[in-house]
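Protein chains: 2
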Amino acid sequence: MESKDISQAVISRLPRYHRFLSELKDQGIERISSADLSRLMHVTASQIRQDLNNFGGFGQQGYGYNVDYLYEEIGHILGLDTRHNLIIVGAGNLGQALANYVNFDRRGFHTKGLFDSDPHMQGVMIRNMPVRPMSELEDFIRENSIDIAVLTIPKEAAEDVANRLIACGIKGIWNFAHIDLDVPDNVRVENVHLSDSLMKLSYNLRDLEG
Amino acid sequence: MESKDISQAVISRLPRYHRFLSELKDQGIERISSADLSRLMHVTASQIRQDLNNFGGFGQQGYGYNVDYLYEEIGHILGLDTRHNLIIVGAGNLGQALANYVNFDRRGFHTKGLFDSDPHMQGVMIRNMPVRPMSELEDFIRENSIDIAVLTIPKEAAEDVANRLIACGIKGIWNFAHIDLDVPDNVRVENVHLSDSLMKLSYNLRDLEG
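Chain order of the listed sequences is A and B.
When we follow numbering that gives the first Met the number 0, the leftmost residue of the first sequence carries the number 0, and every step to the right adds one.
When we follow numbering that gives the first Met the number 0, the leftmost residue of the second sequence carries the number 0, and every step to the right adds one.
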């Protein structure tokens with residue numbers, strides 16, 4: 000089963016399946032029919048069947064889906080069985096919040112270090128890690144096999160920092176800076192633009208009134 | 000010009016246009032051709048023309064787009080000229096980070112209060128606002144014309160808190176809890192599921208290697 004054959008639309012729905020399957024697992028549920036999964040997720044049963052058929056026929060007529068198996072398979076497709084070492088650049092409130100999310104470890108994302116350009120932040124301990132100065136960035140990345148950097152810095156600094164990260168081999172950037180980064184083809188960026196999300200809420204509220 | 004006629008796909012691209020136009024404004028640029036905007040945003044000029052034609056013909060052949068005007072119009076469509084009063088429920092790192100984002104005020108989103116169930120957080124000052132106990136939630140919402148609640152609490156508490164919010168008239172929920180909320184038709188939820196975003200990055204990194 001090759002992930003390459005799966006459309007981006009399906010891929011973007013997989014984390015949500017993974018999340019619901021994780022809940023079912025936590026509740027001790029071993030199997031679920033596509034009809035029940037459909038009610039739970041507010042997605043049509045036909046959509047679920049189509050999505051899951053894309054990467055193998057996990058369901059059996061009259062049996063439904065094996066929760067554990069489907070959870071593991073989706074996790075595998077999403078690459079969650081690969082270990083990733085992260086650094087967080089920008090140790091403000093948002094960077095600290097992300098450093099403290101223990102759930103990321105469960106999914107194979109291990110935060111190894113935090114960096115900040117503010118001299119007052121140097122040495123502050125966050126989840127047993129000292130905040131490090133930006134001057135140590137390159138050495139730390141090389142010595143700790145870091146492959147993902149989380150950018151929780153103002154947009155003004157984001158381009159320069161991203162270039163430094165890419166120059167020393169970072170392949171994945173989880174970008175919270177309010178800017179779209181220009182990166183080479185062999186680097187992947189996933190943006191979390193909080194203001195964009197808030198604007199969509201604003202539009203939908205206006206639409207509700209109108 | 001009615002927002003109702005605009006497809007969700009276009010709507011979801013509008014915040015990005017708004018962001019780029021804001022940058023151009025800040026740089027003092029008064030007009031821009033669709034070709035230049037296309038290069039800047041890495042979107043085809045034809046896509047830009049189609050998107051912007053959806054809500055009026057702002058461009059003129061040989062002149063391009065008036066940056067100020069387009070910025071204002073997109074802001075209007077997105078409802079950014081409407082004032083919204085927010086509360087943040089959950090005053091941990093993430094809630095504090097959001098409370099401190101001054102850019103939200105610029106877009107009409109004003110944080111009026113923070114709430115937390117942790118007794119140790121009561122009275123802690125965040126951006127000149129005291130963290131309030133959950134017992135004050137309903138009165139505060141009514142007395143301060145709150146229409147949006149930001150949920151930065153663990154998923155276990157999210158459903159109950161959302162129900163309390165909706166019961167006293169909250170129409171918009173910006174949900175950071177790792178759960179999909181069931182809400183009535185007249186309530187709008189915008190989710191920021193950080194783990195889903197990280198999983199997409201994971202998939203794209205795996206795809207890069209494979």
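Treat the hints with caution; some may be incorrect.
Copies of the same chain are indistinguishable here, so a pair counts whether it falls within one copy or spans any two.
[As the list claims (entries may be wrong)] Below, computed lysine to aspartate or glutamate pairings styled on EDC-like, alpha-carbon distance capped at 20 Å:
id	residue 1	residue 2
1	Lys24	Asp195
2	Lys199	Asp181
3	Lys111	Glu155
4	Lys199	Asp50
5	Lys154	Glu71
6	Lys199	Asp179
7	Lys199	Glu72
8	Lys111	Glu72
9	Lys170	Asp206
10	Lys154	Asp138
11	Lys154	Asp80
12	Lys199	Glu142
Think of the hints as simulated: they come from the structure by calculation, not from any bench.
The hints, checked one at a time:
Taking the shortest alpha-carbon separations for Lys24 and Asp195, only the inter-copy value of 18 Å comes in at or below 20 Å, while the best intra-copy value is 33 Å. Proximity of Lys199 and Asp181 under a CA criterion of 20 Å is satisfied inter-copy only: 19 Å between copies versus 24 Å inside one chain copy. Proximity of Lys111 to Glu155 under the C-alpha cut-off of 20 Å is found in neither arrangement, the shortest distances being 25 Å within a copy and 28 Å between copies. Taking CA atoms no more than 20 Å apart as the test, Lys199 paired with Asp50 passes between copies only; the shortest distance there is 16 Å, against 26 Å inside one copy.
Taking the closest pair of Cα atoms, Lys154 and Glu71 never come within 20 Å of each other, the shortest separation being 37 Å inside a single copy and 22 Å across copies. Taking CA atoms no more than 20 Å apart as the test, Lys199 paired with Asp179 passes in both settings, with 18 Å inside one copy and 17 Å between copies. Taking the shortest Cα distances, Lys199 and Glu72 sit within 20 Å of each other only across copies (15 Å), while inside one copy they are farther apart (33 Å). Proximity of Lys111 and Glu72 under a CA criterion of 20 Å is satisfied in neither setting, with 27 Å inside one chain copy and 44 Å between copies.
In this assembly of identical chains, the alpha carbons of Lys170 and Asp206 lie at most 20 Å apart only when taken from different copies (12 Å versus 40 Å within one copy). Taking identical chains as interchangeable, the C-alpha atoms of Lys154 and Asp138 are never at most 20 Å apart, the minima being 24 Å within one chain and 38 Å between chains. Proximity of Lys154 and Asp80 under a CA criterion of 20 Å is satisfied in neither setting, with 32 Å inside one chain copy and 24 Å between copies. Taking the shortest Cα distances, Lys199 and Glu142 never come within 20 Å of each other, neither inside one copy (41 Å) nor across copies (26 Å).
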